[in-house]
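Engineer: Okay, here's what each chain looks like letter by letter:
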Amino acid sequence: MTQSVVVQVGQCGNQVGCRFWDLALREHAAVNKKGIYDEALSSFFRNVDTRSGDNGPDICKGKICSLKARALLIDMEEGVVNEILQGPLRDVFDSKQLITDVSGSGNNWAVGHKIYGCQYRENIVEKLRKTAEHCDCLQCFFIIHSMGGGTGSGLGTFVLNLLEEEFPEVYRFVTSVYPSGEDDVITSPYNSVLAMKELNEHADCVLPIENESLFEIVNKIHQMINSGKLGSTVKQNSLVTSSAGNAKTLQEKPFDAMNNIVANLLLNLTSSSRFEGSLNMDLNEISMNLVPFPRLHYLVSSLTPLYTLADVNVPSRRLDQMFSDAFSRDHQLIQADPKHSLYLACALLVRGNVQVSDLRRNIERLKPSLHFVSWNQEGWKTGLCSVPPVGHSHSLLALANNTCVKPTFIELKDRFMKLYKKKAHLHHYLQIDGMEQSCFSEAISSLSDLIEEYNELDVTKGGPRIDPSRLKIAV
Amino acid sequence: MSIVTVQLGQCGNQIGHEVFSALCSDIRGTHGLCSKKENESYQDSCKERFFCEEESGVPAARAVLVDMEPKVISQTLSMAARSGHWKYSSHSHFCQKQGSGNNWANGYSVHGPKHKEAIMDLVQKEAEKCDRLGGFFTIMSMAGGTGSGLGAFVTQCLRDAFPTSFILNHVIWPYGTGEVIVQNYNSILTLSHLYHSSDALLVHENDVIHKICAQLMNIKQISFRDVNQVIAHQLGSVFQPTHTAGGGSGYSRNPLGDLLEPLVPHPEFRMLGLRNIPQMAESSLAYSTFSWPGLIKHLRQILIANAHMEEGIDWRVQPPHPGSSIPSTNKPLHFNTSIANLVILRGKDVHSADLGSFQDPSLYTSWLNPQDAFNAWKTPRAFNKYEKSASLVSNSQFLLKPLDSIVGKAWNMFASKAYLHQYTKFGIQEEDFLDCFTTLEQVISSYTNL
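Chains as they are written, first to last, in numbering that gives the first Met the number 0: chain E, 0 to 474; chain R, 0 to 449.
Bound conformation, chain R alone:
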């Protein structure tokens, strides 16, 4: 099954490019460490999922590029073409001349309706090129105007036009110390709207990725390109082909469905966090060895202590004892309760990896059986030069604190009525803001009381 990616705004397009680049370079790499047959099967599956064969022989990404101003898209298209190994189709992009001005209302209420037909037309064309459509993957930031506002509108249109397809939104959360002054307004508007039309939100926070670049990758002068490449690596580690538990011997044919159905059992809980280990500078890779027990142990502790990476994990945090009837409000606050988790293992000797520790019922809420709450995907084919890598997609309290922080700051600004005139002039009124706050406070409350 194929996934159609929609890249929205500057952030969406810059990241989208790095994602396809990473996928392409991974399948072309010679570090598969597995049998030739396995490797070929992996390559074919990846190509079917993300690329479309064209007459020129250069595979074209299954993507639609959308932005309200031309500079980024034109750069993205030319960078892809220069690689020589993949490209974007020549007619899959839509742009305008004047951007959204960091104004969610402009993106949602003005650009959205105005360009709906043209954009959905491109999406339809891309969807038709797929033998079997597996769903949509949108990439956007929530701080700006296009990715956030137009992105929310497009997601709604996707839901209306493809009511039975899976829609996964990849959302980038901005630096806490400010990239855009109205970022918190744009964020709450985006998140609350996406909650109503998307199946799930897969989140990356700039602050977290920045730390990974600084502390693990040892990059001195971190650029957005560096940040985007780490994000692309993490996404690739989830979406490259794998064998699901009951999927027989072939690669999974329904990646989005296999991801979303077990992870989002309840519509109130749609926020997914992503962790990937190990992560290090390429130059150090050759000198490092890993064991599955070590990686799994670290990944589990990252989950329960709500850590962001392999360094600085708090090993003192432990789940409460099973069988004791501690009501949820008494659980130690820094223990991260999960609803459902998915672990993806790639690389050498993966069949020997034991994931029993992730099935511990004390990690989870009581509503699902641990067997249903936990899923694992494996493939012996190594990913992106890492001999072994482990990823975790988690529906848990990972994002509770950051979400609460954003809502708090937005509320603080809203109480003073600052910047509201910029939104009301495009049709978003104070009541619309209040609706969004209500939706998100509800989400925060639900996750808090797990």
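With the rest of the complex left out, here is chain E:
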């Protein structure tokens, strides 16, 4: 079994990360009734003997003593990390896993990347090494950050770079929260485009997330519950937005519900490598199957169901509805519509009591309404994990490499150009040591190239299918 390390950078990264650890503990508690430290737990947690203090040795087997998250918490302001350390998760984090500063990055990618990057480089490398040493077989780094700010965006992508240099064999999955059009950070387009270049070059897979989509999903759930149609028959802990612990008594912070969705995404993504099933899907398989060309590694994700009704019998119609929902616009975690764009590849990770025939039936049912690129007409990667998420009997995570990400990138480019043409706020960046005009032009060029690659593929959509002629053998 392999281990993964989560690197959460900046305010958004740490808030989402915090939700992830909360829900991960809840998930393992539900599955692991005997309190034995097993291989599934070891993928994200260490088991430390804390009787002699925090520096105790790791215990590889046997009863759970004290679980410590395999994580690195990085923020250039102290507020968020301090809150985490005072909250219910304080014992899950090792004080040696934190890197904080006081003044923040001022929403400036250059401050995050160049100034703090340089300043904290050694510290970060050292802490990463330590975390890696605690792993038997480190498979993947998960980076969680936002693109629009300064720390998550700048320092986050600096760390991404660092990971490629120091641990080239380990996969880098990045969960990036993209800014919306109405983002209150004026320079978010600059920060995002500068960060995109790094993602293009150094990430193995990127899972873009947009706040608008998370917000719409949260609203949808509230509406469903409050409309009285479902009322008390919805299992509270099954909401994709719910936290561990009773939602009614905890004062939930406004972003918690949205962040829980992202946390659930990560849990479902890693479920098949942690738990058993009849068709396992490991993280290295996701990268292998969903990335046909190195730069096209942006995966649109959707999670279903968003909640479970309390009645136990699930007729197969409801199961099929789950599959249909995964392809609908309002279940995607970015503002995109994969159904009307071109699929390069698609992965379906099913959890719970679902068998291969259900999977086959639904693929055959949905396939005619989806457009797949000509060289990948049967481009499905499937996984079956026996353990469902908490509160559900089954669930589905769909990951699509689809040209529907293009509009998001085009909008980002447009917003960037609007500012850049007027050279608005540029001096805040250029005055930083190591920043030059070329950083900007290279970044926008990288983004334009990416958009062009998607364009070339889109052009082939719906066109006549001409299969290349086969090799001829002399008889």
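None of these hints come from the bench; they were simulated from the model. Glycine included, every Cβ here is placed at the ideal spot set by N, Cα and C. One or more of the hints may lead you astray.
Here's a subset of chain R near chain E, in silico, CB distances under 8 Å, partners left out [as the list claims (entries may be wrong)]:
id, residue
1, 35
2, 36
3, 68
4, 69
5, 92
6, 176
7, 177
8, 242
9, 400
10, 417
11, 420
12, 437
13, 440
Please arrange chain R on chain E, whose structure you already have, making use of the hints.
Structural biologist: Okay, now just chain R, sitting in the frame of chain E:
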């Protein structure tokens, strides 16, 4: 003679477990329908072939379990042990921590050389436990990374280490509508490599078995376990002991040799298909009766019409008239020409079964005499609760269309160069792909022109 089974990857290990389970439950069953002496002889022969007696009294399967990640092997070992009737030896498995990532190149070029010694060591130990080694049976899928890539490498190592032993690869072909996106690449790499080191490839297609589960077994929510159990039943129907035609009164002592020598007369033709009838839900067994003429007639039509099961057979397809000089390209395309066939009959009154219709020369190519092209094995001992069962192992055009389809899809993807960077980073270059395509196009051409 004993057969050593090598279970590779998730698929190989899951199926391997069902196979040993089925063999064990068959010999323990009370539905033999034959004399006690016959039954005992059958049981002893099966045990010698597939199991090793251990001090604990619980027979240990003659198997080596290989996977690059631990979850499946650990499940397989514990499921076997829980049965109480058989188990795997405690030191016959090899696993690592991180799987092959569905990457054939990773399985073949990285894991293979790295773990060659450890794996071959286990195989050697298992081989030494056999009084007489009858050969190797490997179980793998060709869609993933370990079974396919590491499986191809291990097969080569087996050939190098045991140059005179028989090697039969059992290969699972994935669902056509996609289980793994790069399955067609992994498939062509596997098939072309196996062609060079294995004696024969015995193929099961997931799509076909799925149909059997849906239409014949009436299973509503088909799981991989269901699919694997049907596969295990079909394999058992071939490998459980039988009397060969000239083998005297005892059970055949060289199962792999007896299978491979007549079926693979020419190295260019190594693809074997498997059909087994009847197949039905256990609950229906008690209400069904069969006759040998009926079963044989159906099995023959399944062969010539290239059907997959007893339902939906096209009875209009007939072999061309013997004696007419129709060149092969004019043969009706849906008539399945055979090179060699083996029919295995198990059950009541088997001595009365007449297999003359399988010796019809029009079924076969002209290079072998029909007497050499067709072989039959029989045993009065019924198999796995079926009062009568008939199996066909065929070297014919059964797999031509599926093979052509896979090569076509792989070529289509290769032309766009999609996913190639995933393979080149582990040392498999475009030229290696081209070599594989050439090998397989050659095989397709050979089978087409029968």
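Engineer: Report holds or violated for the interface hint on residue 35(R), using the least CB-CB distance to chain E and a cut-off of 8 Å.
Structural biologist: Interface hint status for residue 35(R): violated (40 Å vs cutoff 8 Å).
Engineer: Can the hint on residue 176(R) be confirmed by a CB-to-CB distance to chain E that is less than 8 Å?
Structural biologist: holds, 5 Å
Engineer: Regarding the hint that residue 437(R) lies at the interface with chain E, is the smallest CB-CB distance below 8 Å?
Structural biologist: holds, 6 Å
Engineer: May I ask you to test the interface hint for residue 68(R) with respect to chain E, counting a Cβ-Cβ separation under 8 Å as satisfied?
Structural biologist: holds, 7 Å
Engineer: Should the interface hint for residue 69(R) be scored as holding, given a Cβ-Cβ cut-off of 8 Å against chain E?
Structural biologist: holds, 6 Å
Engineer: Is the interface hint satisfied for residue 440(R)? The criterion is a beta-carbon contact with chain E at less than 8 Å.
Structural biologist: This interface hint holds because 5 Å falls under the 8 Å limit.
Engineer: Hint residue 92(R) vs chain E: min CB-CB distance below 8 Å?
Structural biologist: Since the shortest Cβ distance to chain E is 15 Å, the answer is violated.
Engineer: Hey, does the residue 36(R) contact hint survive, CB to chain E under 8 Å?
Structural biologist: violated, 41 Å
Engineer: Classify the hint on residue 242(R) as holds or violated, based on whether any CB of chain E lies nearer than 8 Å to its CB.
Structural biologist: At 38 Å from the nearest chain E Cβ, residue 242(R) fails the 8 Å test, so the hint is violated.
Engineer: Does residue 417(R) hold up as a contact with chain E if the rule is Cβ-Cβ below 8 Å?
Structural biologist: Status holds, d = 4 Å.
Engineer: Using 8 Å as the Cβ threshold, decide whether residue 420(R) counts as touching chain E.
Structural biologist: holds, 6 Å
Engineer: Under the criterion of a CB-CB separation shorter than 8 Å, is residue 400(R) in contact with chain E as hinted?
Structural biologist: violated, 14 Å
Of the hints listed earlier, those the structure fails to meet are numbers 1, 2, 5, 8, 9, in rising order.
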